[in-house]
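Q: Listed below, chain by chain, are the residues.
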Amino acid sequence: MRLVVEGGLVIDPSSRLEEARDVVIEDGKVVALATPGEVRVADQRLDARGRWVLPGLVDMHVHLREPGEEHKETVASGTHAAAAGGVTTVACMANTIPVNDNAAVTDYILRKAKSEGLVNVLPIGAVTRGLKGEELADLGELAEAGCIAYSDDGQPVMNSRLARNALEYARSFERLVISHCEDRNLTRGGAMNEGDLSVKLGLGGMPSVAEDVMVARDIALGAYTGARIHIAHLSTAGAVEMVRRAKRSGVQVTAEATPHHFTLTEEAVGDYDTHAKMNPPLRSRRDREALLAGLADGTIDAIATDHAPHDATCKHIEFGLAAFGVVGLETVLPLTLDLVRKGVLSRTRAVELLGLGASRALGIAKGTLAVGADADLAIVDPDLEWVFQVDRMRSKSRNSPFTGYKLRGRAVTTVVSGRVVHDTARTQAREG
Amino acid sequence: MPERATSPRPPTSQESLDFAIGEHHAPLLGKHLLGLEGLSREQIQGVLDVARRMKDVSERPVKKVPTLRGKTVVCLFHEASTRTRSSFEIAAKRLSADTINVGGSGSSTTKGETLLDTALNLEAMRPDAIVVRHSESGACNFLARQVECPVINAGDGAHEHPSQGLLDLFTMQERLGSLEGLKVAIVGDLLHSRVVRSNLYGLRALGAEVHLCGPGTLISPWFESYGARLHRRIEPAIEGADVIMMLRIQRERQGTSTIPSLREYERFFGLSPARVGLAKPDVIIMHPGPMNRGVEISPEVADGPYSVILDQVTNGVAVRMALLYLLVARGSDAPRG
Amino acid sequence: MTTKTAPRRRLPRGYRIARNLLGPAELDAALGAMASEIRSRNPEPDQVALIGIRRGGVHLANRLAKLLAVAGREPPVGIVDITLYRDDLDRVGPNPIVGSTEIPFEIEGITVVLVDDVLYTGRTVRAALDALLDYGRPRGVQLAVLVDRGHRELPIQPDYAGLREATRPTDQVEVLLAEEGGDDTAVLLEREVAATPGGAHA
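Protein chains in written order, with my numbering: chain Z, -4 to 427; chain Y, -5 to 331; chain V, 23 to 224.
These aren't lab readings, by the way, just hints derived from the structure by calculation.
Note that this is a predicted model, so its numbers are computed, not measured.
In this text, a Cβ means the ideal position worked out from N, Cα and C, and glycines have one as well.
Hints are not guaranteed to be accurate.
[Said to hold, decoys possible] Computed spacing ranges between beta-carbons, pair by pair: (1) Y/58 with V/39: 38 to 44 Å; (2) Z/153 with Y/74: 47 to 53 Å; (3) Y/254 with Z/155: 25 to 31 Å; (4) Y/118 with V/39: 48 to 54 Å; (5) Y/57 with Z/385: 48 to 54 Å; (6) Y/57 with Z/65: 55 to 61 Å; (7) V/50 with Y/171: 40 to 46 Å; (8) Y/234 with V/50: 29 to 35 Å; (9) Y/76 with Z/111: 44 to 50 Å; (10) Y/219 with Z/387: 38 to 44 Å; (11) V/94 with Y/287: 53 to 59 Å; (12) Z/127 with Y/219: 37 to 43 Å.
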């Protein structure tokens, strides 16, 4: 079985390739990047002329909500949304019900992924049992069961001794520890970024310094232990600067940023819009600019969505009571391409942030179209204009702050291991 | 009522013509009253002028006018508040509206029903206004997007308390005349006070000089961006003041590291008779209530000659009558002619 | 070249003056006749008070009071604002301005003469009566109007009328008093026949 993706502009940051190529795929692997027109024989051809062919996106920060909150998202619906967004690999966070802090839950997720998942699903195990921040989960067992990394995401590991031990212990299994940096004592009662707007709206503030002090701690722990550490969803200028300096001084730290943090500011809260409520909160303009600089200069390694589906009962209520989080899998690509159009990122850098960066941090062989790599790719129409409408979403939940936004750029076809998992031409035909 | 939405019916009587032509003007307030933020001087003064007439009604032997006969006002209180609720209720009754109170123990609000469900259910009974008190900031903004009838904010979290702000302005004007250039000091937990926000907007709109004071843990530089002067000690804030407003300090703040103790608060931020001496000789002392006598305000000051605290309560009814009149007693806002 | 202190009342759009009902001298005479009738029906001058209905009746009440003065003593004059008593608040669009009611005397046991400029449907008078009775229980209430133009919708009749004039329901009657910048006339307005589209009708 030979699949050829023909005539597209292949952008592969792993080889700095940015040229028209035919991508030849056999048995789910890339076997050649041929000069267009060279390949005569194929079982299936995908016409990518006038489009970009990217390594499939790797989103290292996704909440699939299964098991436990299947009314918000499932492995099936979440991976469907991923495929629609050009995302071919998702790493899913441990805060399911029950928590993914043991092999049984990891197995369950992987079985679901195998039977119902459209894209690669890599579970992330909990750092502490029940995400309680009190004792370490069985990290070895989790690694053996298939967890790709560890994180208590949603909850910081407030106890510094435990945070240190997690870093030290995880090294035996060569797994990354992902830290949600938030000093809970400083954010208690908070609902949005602390600043003029939170005071005006009378909402509890979550000060940027609550993130800064924990990023500082985690970098210090990383430097002290020599372990690798990954900072989830950077949102403050202070944190970006600390990561930048730490990298320069040789600390093994990596970091991610979300499209909502680099696209929006706290102003989006507007008249108490709960779709602008997430943790970390949308920050100031200055913070957003710092994120853009960090994305451009390599301080930030990956763009991750923190895709956090919530139903109306959690979101269509008073702001202070609403759940934190927004969905993001279906909008990450156009929002990132927006930075290319604005000259913040080069094309190759953008594609690197969407896949290779996360793959390197996680230590997986994704985010590349090099010969021999898994044939995960996205065919992207970079200029396609479309309006993001919640009723067309693949995710089960609709909590996006980008509803009604006019977006530019879209994955028209998504391929996982040589198999087409998403194709807009077909979808549109079906939708009439 | 959908049939009214088509086109305004032509006036049939001399009266209607007279008013439509001679007194036509844009509605003073929008559909809802969610806060004083963004209201103009003219709008605020307009409400206060109507309140003046309403106070006349309250001072008559027959304290009732038929203005809102046949109208229903729902008071939806998700947070206990005897004072504000009864003030709105009396106001509605003096305008001959029917009132019902929802909230507190025994109502759906304690049975896990969401605010939205409660409001939609109440609205299905066709009230003419919903007066909402809620512990969450923005709850009224949220409801106003969901329901058809006017929503009047009776205090939402730490956001706004517009009727309180208006009654404070009314009381100040009644005692002092124009507020232009007057020094008004507000002291207390600014960060968590909806009263201070509404007062700040209103006082600035009417040209007063606003001085705010509280312990460092309960203030924010944001207030300065709205033209207030911020102080960390009470003395400079109240020095030479025409008005001193003391805010209630929540006992829960004690020990949560925002204030060390009520005793310490009283000592450094409480209004004692000696401190009153720093203000203008004819200063007026206000408090939105309920007071912690002996904490933010000493009993001698609260009950002393400068205190207008009970005037505030009286004026609250007049201001709320004005708001109900302005928001409920009107037809289609579509301009005529 | 006349300089008026008060602004002249605006003529409603889409209307034109059909004819003058009362000129300055006639208006004076009408008020004089009304005053003498009031005097003859109420022989005890200290038992009578005048209350003008805001806005059209206020100045007329003051003028009648001067005409009713006995040995320089005028009967007491008050003002009643009917806004909060109107039955058409739902229909008139944005809130009408609420004026003050000023009755600086006891109405208990005396005769109150309500004064207005034009009597039409009677609804204003109904509202004024309701408002008045919330201030006390007068011995009696009488109604004085400068122009009765007919078309009553309620069983209300004037006790004193300066002029009774047949009008069409579509007409308007305007009394333009000197106190408000007018020239002491009453005019009948009628709708312009060829109203510009969207002009005359609401």
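Q: Of the hints given before, which are not true for this structure?
A: 2, 8, 9
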